[in-house]
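Here our numbering runs 240 ahead of the position in the sequence shown, where the first position is 1.
Because the hints were derived from the structure by calculation, they are not lab data.
Every residue gets a Cβ at the ideal spot worked out from N, C-alpha and C, and that includes glycine.
One or more hints might be untrue.
Each pair of labels, with its calculated beta carbon distance range [what the hints assert, rightly or not]: (1) S362 to A250: 13 to 23 Å; (2) D349 to P385: 34 to 44 Å; (3) P363 to A252: 16 to 26 Å; (4) L316 to P363: 16 to 26 Å.
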Amino acid sequence: MIEMRKPGRALAPADIAAVEDAIGCALPATYRAFLCSTNGGRPMPDTIDIEGAHFRRTDVSVFFGIDRAIESENILWNLDIIDWCKENKLLPIAGDSGANTFMLLLADDGYGRVYYFDAADSPPTPYRVAANFNEFLSKLREPKPDELP
Numbered sequence: 241m242i243e244m245r246k247p248g249r250a251l252a253p254a255d256i257a258a259v260e261d262a263i264g265c266a267l268p269a270t271y272r273a274f275l276c277s278t279n280g281g282r283p284m285p286d287t288i289d290i291e292g293a294h295f296r297r298t299d300v301s302v303f304f305g306i307d308r309a310i311e312s313e314n315i316l317w318n319l320d321i322i323d324w325c326k327e328n329k330l331l332p333i334a335g336d337s338g339a340n341t342f343m344l345l346l347a348d349d350g351y352g353r354v355y356y357f358d359a360a361d362s363p364p365t366p367y368r369v370a371a372n373f374n375e376f377l378s379k380l381r382e383p384k385p386d387e388l389p
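With these hints in hand, go ahead and build the complete structure from the sequences.
Listed below in structure tokens is the structure:
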């Protein structure tokens, strides 16, 4: 079970509608429910494996939300600054401690899949993390002793 530290304020249906209007489609139901219950925050546990990446794993430092106190923790702020998201039907939903981004695919083909984008590469390299948002959450884990700094 995931504990969310520093969740955001309670959301109204109009808050979710504003995000859906901005992206031009409905959010996946499981992600919408998560957003309504937490409005972002810092998860515990926070480690996730990234298959195919040379670094093998990362953290989920923060889940983005709506109208959060820190600007960079807002979904729409991230959507605006990552200029290639809209044209590729990707929604930024979380970030790691290295300024890389987890995104939901909103295209018809693959709707709801979660990808990790490694910003160290140009263009950023995508890694498929999960088939859907619930699978993504289920992959969060505690770091193993040999993974601790």
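So, going through the hints one by one against the coordinates:
1. S362 to A250: 13 to 23 Å: violated, 39 Å
2. D349 to P385: 34 to 44 Å: Holds, at about 40 Å.
3. P363 to A252: 16 to 26 Å: Since the Cβ atoms of P363 and A252 sit about 36 Å apart, the hinted range of 16 to 26 Å is violated.
4. L316 to P363: 16 to 26 Å: holds, 22 Å
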